[in-house]
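Start from the sequences, fold in the hints, and give me the full structure.
Protein chains in written order, with the numbering used here: chain S, 1 to 208; chain E, 209 to 875.
Quick caveat, the hints were computed from the structure, so don't treat them as lab data.
No experiment lies behind these values; they were computed from the predicted model shown.
Do not take every clue at face value.
Claimed, not checked - Derived pair list, reagent style EDC-like, types lysine to aspartate or glutamate, alpha-carbon separation capped at 16 Å:
| id | chain 1 | residue 1 | chain 2 | residue 2 |
| --- | --- | --- | --- | --- |
| 1 | E | 625 | E | 734 |
| 2 | E | 826 | E | 734 |
| 3 | E | 753 | E | 819 |
| 4 | E | 592 | S | 27 |
| 5 | E | 826 | E | 808 |
| 6 | S | 4 | E | 543 |
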Amino acid sequence: MNWKRATIAAASAAPVIGLFAWGLTRDPNNIPSPLPGRAAPQFALQVFAPGQAALSRPVGDTVRLADLRGKVVVLNFWASWCLACRDEHAALSDVAATYAGQPVQFLGVLYNDVPDKGSAWIAEMGGQTYPSVDDPGARTAIDYGLYGVPETFFLDATGRVAYKHTGPVTPAVVRFKVDSLMAAAAAPAAPAGAPSGDTAAASKGGAR
Amino acid sequence: MTRLLAYNAIIVATAISLLGAVLLPVAIRRGRRDWLTLGYAAVYTNFVLVTVATLALVWGLVTHDFSISYVAQVGSRATPLFFTVISLWGALEGSIVFWAWVLALYGAAAVYFNRGREGHLVPYAAVTLLLVSLFFHVLLLGPANPFQPVFPVPFDGPGPNPLLQNHILMAVHPPLLYLGYVGFTVPFAFAVGAMLSGEVASDDWIRLGRRWTVASWGFLTAAIVAGMWWSYEVLGWGGYWAWDPVENASFIPWLTATAYLHSVMVQERRGMLKLWNLNLMVGTFVLTILGTFLTRSGIISSVHAFTTGTIGYYFLAFIGIVLVAALFMVAGNSDRLASEGRLDAPLSRETAFLVQNLLFTAFMFTVLIGTLFPLVAEAARGVKVSVGEPFFNKMSLPLMVALLFLMGVGPALPWRKAAGEELKGRLLPGIVLGVLFAIGVVAAGGRGAYSVLAFLFAGFALGTNLQEFVRGANARVKAHGESFVMALVRLVAANRRRYGGYTAHIGVIMVAVGIAASSTFKTEQEATLTPGQTMTVAGHTLRFKNAWGRQEKQREVIGATMEWMDGDRVRAQIEPRMNYYPTQQEPVPTPDVRSTLRGDIYLSLMAFKADGSNVTVKVIWEPLVPWIWIGGMVVCLGAIVGAWPGGRERGRAVATPAAPALAEGQP
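This is the structure we're talking about:
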């Protein structure tokens, strides 16, 4: 038995094992979006679910992104067939209501679904405080490079994508992003909505 | 009830594997034969217990016992019985159960057939087998436990992944893969046994493991080909290999195992390459575990994703232990593995094997590095990259072409030193056939250098390998006055290992020709047709008859009936479909393939109008693709011939005292 050679050989396994150990801490499916920091793709989509009270918009109304300049926009892509969307529904709907009257627009975008089913889903979930629009042919979803649902985009007041969140959001995440974007808009000296990459804390829950 | 039975069986199996693995080394040290017998009994008991657990899980699936977590996860009352049974390996936990069962079966068989052998090699091999078993039991009790209680018990479940219940090959591919993958544990265990018992300098571990290696290799080959076939028949893209990490994971150990099957002959004949062969065998096992780790841990992005949890860390720990222990043992024993012989001449069979081994090893590293590169790149530079088909195709084409050439040269070269005149006669048929193949492919319109070379060398290899059969049979006709066919049968029967190998070569050539032809001459076209309209692809005319829909037990089916025309006559009806499963948002496209020996008409339904007024179909003409599947079967036939019990062992094996134990000991 050649102990010295054996020990050296065994030690040579360390880098390989180290690489794998490091690899396990990464999610290979989490591919960073190139969108944050860039101008958000424009859209003009029709409302199919009006939302409630102060946040509501009439059904059939066309929402244009260009008209929302000056507001922080939370764009949430969802579908009635998406299980993870059920998890985040209450968080989004409740948090949106707390921003009533402030320069923030929450907007749901229906993805690969029909408005009838979307409306039924909203009713089943106990209503949605903010309006949802239909995205026929998923054109807007394609523009935003959607990989699955739910995905949520946070747009700053100048119309740039500031953050992208993959998977269900939590109230804390939404509040933190919206508050920081509103603060940036209120302080004109700072570059509005400096790109901060994306978050994907819960990406594994999303439907692909 | 069923759940508790299965779960407790695994708990007891865990304890018994551990006890056996501790008891056997003690028995060896104290020289206690009775304890040795007890240790072997642990191996058999482990098999019985895992069998109980596996059958219990199958029973749970069949009786829709949704109180078992695995059944609740993959079962559904609407799924046909057949697919319910095979969903045993349809998801992570069940596949680990099945793995553990195959491993326990192999372990019990390997120990049983070699239980009478003197020395400490087999006891140490049994320890190795028990320890590997133990790892899989730990997985079943921890991160991949299929036997968790579910409460309240659901009335029905979602059913298995629709893709996995769409084709009969799903019943074939996974078991073959496990039989191949897991099978290498046996020769690996013999190698470890040889190192631990100090018998590593003799070739015994190779002889004990030979049939297990050939059989596992045959299963793995069949599994890879069946996987290609499944992908071709089910996924609708008309291809059969995409260099996905999971495909690579099955291919990487295949490459080292194939290298081993060849280089081991150099050791048996000439006493050379001993350390190399040990490395190849240990490497093959490590690579099977590495492959499993890569595909089950979610460390690398793949279309074959199993849902992952903490199982990756368990695999990492196991792979770490195996890798460190293997490197430690092999390097520690390297002094005992000096070569007895040396290369006599550059033109000899030894040299051909050596070059072949270098190419296979290079191939293995190419695929391994390509597969791991995204991980390395992210670790080193923090960027996400993906390594796709272009890299693998570019790197592997020259290697494949060179290997085809060697496969033609090798059988014609004698051991030690080749004489010019004799060599000429042995190579001539191959050269003639190769040139004919090359002319054929150029005449058919093939222009790429690699495709012409591939056909040239395929013909060449076919010629020399066939020539071996003809020459051997002719010699028998002369010597014994037998008829040619009888001479051929007796020739193969008397030299199974050799002619099994040549048979496998011929199968590989068929596969190579199929791959070369389909990648050179594949023609594809998409069209939207109204009923009665026709389209023509590569000279084949197809007419759209009608679109239809029907409700099946577990799904809805939309299909289009297309007629493959031969003039005005309908040659065949082809019906590509889309299957809609209630639990799945998107339809599962189901292509339909009509095969002839010249090639396949491959039809996919891309889109349809709800009223049936038109459909969009993709038609692919896939020349010679069936030869890939036929070739795969021929390779397996070769493996069966080579691994068949009985038969004369060639080389030095005949003379060694271990031979009687071998004759008694092999399955």
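Hint-by-hint comparison with the structure:
1. 625/E with 734/E: 57 Å, violated
2. 826/E with 734/E: 4 Å, holds
3. 753/E with 819/E: OK: residue 753/E and residue 819/E at ~14 Å, within 16 Å.
4. 592/E with 27/S: Roughly 11 Å between the alpha carbons, so the hint for residue 592/E and residue 27/S holds.
5. 826/E with 808/E: 13 Å, holds
6. 4/S with 543/E: Holds, at about 12 Å.
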